[in-house]
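K.L.:
Chain A is already provided as a structure; the job is to place chain B on it using the hints.
Sequences listed follow chains A and B, in order.
Heads up: the first sequence is residues 1 to 213, going by my numbering.
Heads up: the second sequence is residues 1 to 715, going by my numbering.
What the hints contain is simulated information worked out from the structure, not anything from laboratory work.
None of the values given here were measured: they were computed from a predicted structure.
Do not take every clue at face value.
Claimed, not checked - Here are the simulated DSS-like pairs of lysine-lysine, each with C-alpha atoms no more than 27 Å apart in a straight line:
1. B/LYS566 <-> A/LYS99
2. B/LYS81 <-> A/LYS58
3. A/LYS170 <-> A/LYS124
4. A/LYS127 <-> B/LYS566
5. B/LYS81 <-> B/LYS70
Unchecked claim - Cβ-to-Cβ under 10 Å is the rule here; a few derived chain B residues that face chain A:
6. TYR50
7. GLU233
8. ASP255
9. TYR658
All residues carry an ideal CB built from backbone N, CA and C; glycine is no exception.
Each chain is listed here by its residues.
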Amino acid sequence: MKTIITILFVAIATTAFSSKYEEAMKANIDKLYTLNSSVELQALANQFERIANAETDKWLPDYYAAYCFIRSTFFDNMEADAKHVQLDKAQQLVDKIMKNHDGESEIFALQALLYQIRITDMSKGAKYSQKAAEAIAIAEKLNPENPRVYYLRGSNTFHTPKFFGGGAEKAKPDLEKAAMMFETQKQTDPLQPGWGAYHNKELLSQCSETENN
Amino acid sequence: MKQAFKRTITTILLLFPAIFVLAQTTVSGLVTTKQGKPIPGVNIFIKDTYDGASSDDEGWFTFRTSENAKQVLMATFIGYKSWEQEIDLTSDIKLKIELQESVNTLDAVTITAGSFTADDEGRASVMKPLDIYTTPSANGDVMAAIRTMPGTQASADDGRLLVRGGDVYETATYIDGLVAAKPYYSKTPDVATRGRFSPSLFTGVQFNTGGYSAEYGQALSSVLVLNSTGKAENDNTGISLMSVGGEANHTSSWDKSSLMLSGGYINFSGYNKIFNSNIDWGKPVESVNGTAVFRYKPRSSGLFKAYVTTDYGNLAYNVPAGSDGNPMKISNRVATVYSNLSYRDCISDKSCYRLGVSSTFQDQKTGLAADDVNTREWRVETRFALVHDMSEGIKLTWGANETSHLYNQDYIQAEGETYTGKFKDHLLGVFVEPEIKFSKNLAIRPGLRSEYSSVINRWNVAPRFAVALKTGEDAQLSGAWGMYHQTPQPDYLKLTTNLDFEKATHYILSYQFGDVSERLFRAEAYYKTYSDLVTYSAGENGLPSNLQNTGDGYAGGLDIFWRDQKTIKGFDYWVTYSYIDTKRKYKYYPEKATPEFVSAHTFSVVGKYWVNKINTQIGMSFTAASGRPYNDPNSTVFNGEKTKMYSDLSLNFSHVFYLGNQYSVFYCSVNNVLGNDNILSYRPSDLADAQGNYNLIPVKRDLKRMVFVGLFLNF
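Chain A extracted, bound-state conformation:
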């Protein structure tokens, strides 16, 4: 009897505990896609980092913290230097989780995104698009069903000058593949990464614009 009570107690406690994690994560993730100021996103990144600090065996909190720092550079017309400071923070977190989770496709996809955002001027293009391409290749190897792989590859190609093998026309097949995957893959776990669909759509519409011109 006592054992059963103990087991029940532990079970309830654990459920309560993990639901606290899931609740906090879910609330923050929902908030993430509604924010459009860099300060708020950085504050949210801190919240994810706090969760990471308490949940040392999980990679998603740091992953989202890194994503928030990267996303924070999209807003408020941030200057190149300031962007790199945020990206340095993100890189630190990516390095941290990659150490123990180097089989996770999503982490390499995030790494690729980070490299792409590093391209703040033309002189950085060759280096970081190459690095992004390498990260995308690993992400694909680890999970060919990850739609972000094709979105990121398409985006890489899209932004690469035509004479280096890039351009809208070349990017289109990957972006279309990503669009289809974003559409058909129903997200079962709300904590799993889900970004990319919106920007993918945007790039695709830019592709058809170039076609019509």
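P.N.:
Structure of chain B alone, referenced to chain A:
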């Protein structure tokens, strides 16, 4: 009563969880730097909980927590050491947090005195690897691209690096930390040579013009460190069709490894016909080469690199020998094999190691008129180094190397007499070098190196010291001092081993501001003293005799570098100026004199403009150098004459186009566009004419104008 009591208890029991939840404590405060400047965006939280907040624009923060016992409060922010303190949460807490800057931030000070770096990562770098390709005067030669850096001589008649008054042999080249004993194709009189290693194999170049780390020895003036590429990620086939030959390469990549194979053929015979060479070629330069590059990455921190390159070259030409009018034939056939194997990995988060072995084998057959000189040399270096992160801001590097050197030269005279000069040397070197960052703004690097050379049976001890002080956001002041030793050259050791190390002491002061991706300025003043340089007098058969370490000298100067990629969009240029005052007594010099390879003033500009519309980059480089001393045997002053000023304007254009999924390049360059037929130096002839006067033979560049066309295709 009893009833009422029961009810109260129940109420309390029922309310308790609610009270428990409501009993929240407020934690608030201010986060600043040690200097009291507020830091926004700091993450302040209770360890192992989700409770916390970010500091606002003024550094303030506040949050509530249901924790109610002793807990640890933490504050973290990038670029600062993380802060923690135990707090008691039984009542509200207000506190001031002072964060200390971390010394390991990306914008922390780096030691740069004497060092010019070309890589993509470091903020201390002044060039990008791609610059080597796109510098017009370089024609794809690493060494020639480096010659657009300050502190080097224009040396169009030599082609090798001559750094801050030092002779050619005073610059050592390292690949992935291992010596490359023959970094140039063989040099023969009057004909310039070029670097042996293809720039495409390297991601970074560090050119040390002095004051360099204790990790390197056996170089009195300069160390050129080339860092090779990592594992290739894509398969690729490349074909290069050039006006001087062709090359093909193929890269295959796998999960954990990659392999690149390449082969090439060079022939200059067409050039000499079209462009009317200043040299009377018997057999224009012809060479074949093959290279293999293998990479294996067993895990994320480990990398094995293997690089083997071999080439065979053949040339012959006639040089004016003297007043008798009969030219002397010089021929040269050289086979070289260089291999470099290295492995690096980390034992833990804090300790990493590198180990490797490099080997240079060269078999050279030189013909001087009717005499033959056959030289066989083999140099093998084994080396390891360990790097430990001792604590925040303290990094310790130590290691050792053993370099074996076998040398054998047969001088076969036409009359039948053969002289053999040979020696064997084992050089043992050990070094230790901590790098200490006292703060983000101040770093020092004291180092100690010691070497033993078996052939001369001598030890040396060489202390080094470097310091860097950050004086502004993008500005820093650096200084370096050090002692440098070099075993005497094989040309001397083959005759006698009763010699000592040649020595130099460097003093460097350098100031730099800006960022290479925008604008960068660097000024460096230096002073060097030389001692124990090998001197000799001309003996029998023209061989040196009376070899002693009695030479000495000095070199002092100023090097300026300016690079700007920001002012005009798409236009990138750099300007360098070097001034040097140097005199030395060495080799056969009767007295202290400025060596014949030194120009007091050297100025160079490299500019590149990208024309987006036509996918083409247009490049220009211009070098001007004041006259160089030469010796007129008819004069009483040694090296007392001076040549006229030297100048060169080179242009190139690279058109990028696209085949399949890969890009290809059409490249064209013209060196010495203006066709200045400068006399670079004069070589005295050995023979006096009937009046007892010596003739001076002018040395010019091989080709007055050189046009190079290449098509580099990738599939």
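K.L.:
Take the hints in turn and mark each one as holding or not.
P.N.:
Status of each hint after checking the structure:
Restraint check for B/LYS566 and A/LYS99: not satisfied, since their Cα atoms lie roughly 38 Å apart, outside the 27 Å limit. For the hint linking B/LYS81 to A/LYS58, the alpha-carbon distance of about 24 Å falls within 27 Å, and the restraint holds. For the given pair, A/LYS170 sits about 21 Å from A/LYS124 by alpha-carbon distance, which is consistent with the 27 Å threshold. For the proposed pair A/LYS127 and B/LYS566, the alpha carbon gap of about 19 Å is at most 27 Å, so the pair holds.
Between the alpha carbons of B/LYS81 and B/LYS70 the distance comes to roughly 23 Å, so the proposed pair stays at or under 27 Å and holds. For B/TYR50, the shortest C-beta to C-beta distance to chain A is roughly 5 Å, which falls under 10 Å, so the interface hint holds. Among the interface hints, the one on B/GLU233 holds; its C-beta lies about 5 Å from the nearest C-beta in chain A, closer than the 10 Å criterion. For B/ASP255, the suggested interface contact is upheld, since its CB lies about 8 Å from the closest CB of chain A, less than 10 Å.
Annotation: interface hint on B/TYR658 holds; nearest CB of chain A at approximately 5 Å, less than 10 Å.
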